[in-house]
Amino acid sequence: MSAFLKKYEGLWLFLISPAAIIAAAVAALIVFGAVFASWIALVNPYDLASFSLFDGLLPPFWQEGANSKYLLGTDDQGRDMISSILYGARLSLIIGLSALAIAAVLGVGLGLAAGYYGGRFDVVVMRIADVQLALPAILTALLIDGIARGILPQAIQQELRVMVLTLAIALSLWVNFARTARASTFVEMNKEYVQAAIMMGQRPLRVMFVHILPNILGPLLVIMTVDLASAILLEATLSFLGIGLPADSPSLGTLIRIGMQFLLSGEWWILWIPTLVLVALVVSINILGDFLRDIFNPRLR
Amino acid sequence: MAYFILKRIVQSVFVMVAVAFLAFSLFRFVGDPITQMTGVETSIEDQERLREELGLNEPFISQFLRFTCEMLQGDFGFSYRTRQPVANMIADRIPATLELGVVALIISLLVGVPAGVYTALKPRGVLSQTILMTTLVGVSIPTFVIGIMLIFIFGVQLGWLPTFGRGGTVAIGNWDSSFFTLNGWRALLLPAITLGVYQLTLTMRLVRAEMMEVMRSDYIRFAMARGVPMRRLHYKHALRNTMVPVITIVGLQFGGVIAFSIVTESVFQWPGMGLLFLESIRFVDIPVMGVYLVVIAFFFVLVNLVVDLLYVAIDPRLRIKDAS
Numbered sequence: 001m002s003a004f005l006k007k008y009e010g011l012w013l014f015l016i017s018p019a020a021i022i023a024a025a026v027a028a029l030i031v032f033g034a035v036f037a038s039w040i041a042l043v044n045p046y047d048l049a050s051f052s053l054f055d056g057l058l059p060p061f062w063q064e065g066a067n068s069k070y071l072l073g074t075d076d077q078g079r080d081m082i083s084s085i086l087y088g089a090r091l092s093l094i095i096g097l098s099a100l101a102i103a104a105v106l107g108v109g110l111g112l113a114a115g116y117y118g119g120r121f122d123v124v125v126m127r128i129a130d131v132q133l134a135l136p137a138i139l140t141a142l143l144i145d146g147i148a149r150g151i152l153p154q155a156i157q158q159e160l161r162v163m164v165l166t167l168a169i170a171l172s173l174w175v176n177f178a179r180t181a182r183a184s185t186f187v188e189m190n191k192e193y194v195q196a197a198i199m200m201g202q203r204p205l206r207v208m209f210v211h212i213l214p215n216i217l218g219p220l221l222v223i224m225t226v227d228l229a230s231a232i233l234l235e236a237t238l239s240f241l242g243i244g245l246p247a248d249s250p251s252l253g254t255l256i257r258i259g260m261q262f263l264l265s266g267e268w269w270i271l272w273i274p275t276l277v278l279v280a281l282v283v284s285i286n287i288l289g290d291f292l293r294d295i296f297n298p299r300l301r
Numbered sequence: 001m002a003y004f005i006l007k008r009i010v011q012s013v014f015v016m017v018a019v020a021f022l023a024f025s026l027f028r029f030v031g032d033p034i035t036q037m038t039g040v041e042t043s044i045e046d047q048e049r050l051r052e053e054l055g056l057n058e059p060f061i062s063q064f065l066r067f068t069c070e071m072l073q074g075d076f077g078f079s080y081r082t083r084q085p086v087a088n089m090i091a092d093r094i095p096a097t098l099e100l101g102v103v104a105l106i107i108s109l110l111v112g113v114p115a116g117v118y119t120a121l122k123p124r125g126v127l128s129q130t131i132l133m134t135t136l137v138g139v140s141i142p143t144f145v146i147g148i149m150l151i152f153i154f155g156v157q158l159g160w161l162p163t164f165g166r167g168g169t170v171a172i173g174n175w176d177s178s179f180f181t182l183n184g185w186r187a188l189l190l191p192a193i194t195l196g197v198y199q200l201t202l203t204m205r206l207v208r209a210e211m212m213e214v215m216r217s218d219y220i221r222f223a224m225a226r227g228v229p230m231r232r233l234h235y236k237h238a239l240r241n242t243m244v245p246v247i248t249i250v251g252l253q254f255g256g257v258i259a260f261s262i263v264t265e266s267v268f269q270w271p272g273m274g275l276l277f278l279e280s281i282r283f284v285d286i287p288v289m290g291v292y293l294v295v296i297a298f299f300f301v302l303v304n305l306v307v308d309l310l311y312v313a314i315d316p317r318l319r320i321k322d323a324s
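Protein chains in written order, with the working numbering: chain R, 1 to 301; chain X, 1 to 324.
Treat the hints loosely; a few may be bogus.
[To be verified] Residues on chain X that point at chain R, a partial pick, calculated with CB under 10 Å:
1) Val30
2) Ile34
3) Thr38
4) Val103
5) Thr143
6) Trp185
7) Arg186
8) Phe260
Don't read these hints as lab results, they were simulated from the structure. These figures come from a predicted structure and were not determined experimentally. No residue lacks a Cβ here, since even glycine has one placed at the ideal position from N, Cα and C.
Full structure from sequences and hints, please.
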């Protein structure tokens, strides 16, 4: 009985925490919309033929002069706002998640190895991590982006934009994973099950990934949610600065950047609706991250 | 003491050399400097002659040494884009960014420290819970959205404050300051708040954690048992010990202020170093990118060095340990 309770304690805490439920619902709604964007959206914002300039600058449905076809209005090009946001959120999530995946694999791999082998390898990895930690992530990402612009030939730059952006974000976020994985690995290394596995002559890779990794997943999961929020924010910021994605394949950040042009005019929805979606997404991921941290850290309960 | 200072200075120099090396590698390996400097009509022979003249055929190490020497003499090379000396371009922009950063830091401390102390002393209070919830939302809202919101409310709707540029500046020597005109202060306010908000949440959370830690310590419990009035206990005994780490916080935050000033400057079209850096990335202006890095690293190292020294000056325990 007590084992059963212990297993589902997290679920129970989730069910009685209203903030976590609302956050999960908002995040799920945005993710659902993004995944099924091509079925839900009225128009394809990447396809110039699917929308027309004549429908430009229509307000949302509750304002006068709205077209009921476009519930949240249209931008100056006549693109349906809902469609733009769904596709934008999809791009933001794809970049955020892939950057996170790369950062996690790189960071956890290096952190595990540093904790396992220790010695000189550990020192080198941690020195690099320290230096990078002193630089804020956004500066690192901007630099990597700038270097990519210098190295890659002009012709393929536009096509590789998404990849460059993903890599730039991933390389500025791996440090958190590496440090956490290393610290937890150090703790696990002294435990008997790891010592036993090593005595039995199992290969280092097997000890690291089969024995140690499952036991340090908890803290890594917390970092993952928090860093997913950072990755999405970083992408939005870079795109807002005009360093990220171009205007013809807009992410949420690019949409906000485009909307800035309408700040002084009356077309508030072009700016504020994408902004609201971005903030709602990031806030709910952060709340979920906070919630997870409380679950995995029994001391705080 | 002297040994400690010397050690820190040597470390700082090492960091600067590493950053200079990075900047030089950027300049040397990202794109060919010669093709950037010459036009399409320059002949191959002329290009080769220029390459020889600039010493680009020499060994890497001697090139790097020359690069460092020139930098130490204030010669930072020329921008690919504007063909002007990079030193002048950066020097023109430094006052704007530093003034913005300093005001933002002051805002974050003036609000963050009292808020942190309050939420630590009354953790279950309604106001504390509200403040903590607000900061959670605060860290989730990107800096540029905060900037846009402030522009919208105070610039567009209310029309109280200007939304871009620096307003009136007064030149003191080479330093264009916006501290001496009302116009300048009005222009400074919104960007400084935008930049300060993120730092504020960090300051608050750190001060709160530190204060709670101190309140749990033995000497506070003893003072409590002795019947020291709560007011005196909080503000004299506890706060003093909380303030020591706050200095470190300021040092740590400097990097964040500089990085996020890139975003803030872009939102408000504030003519500082961040805006210059963004332009240099967009146009792949490698010399400006490299020098920006070196200058930022220099400020960073300098601030951290000063913070370390202040730490020793303030906390007597560090001195005693050193003497024994």
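Hint check results:
1. Val30: holds (4 Å)
2. Ile34: violated (14 Å)
3. Thr38: Where the cut-off is 10 Å and the nearest Cβ of chain R is about 17 Å from X/Thr38, the hint is violated.
4. Val103: Where the cut-off is 10 Å and the nearest Cβ of chain R is about 19 Å from X/Val103, the hint is violated.
5. Thr143: holds (7 Å)
6. Trp185: violated (23 Å)
7. Arg186: For X/Arg186, the interface hint is violated, since the closest Cβ of chain R sits about 18 Å away, which is over 10 Å.
8. Phe260: holds (7 Å)
Of the hints listed earlier, those the structure fails to meet are numbers 2, 3, 4, 6 and 7, in rising order.
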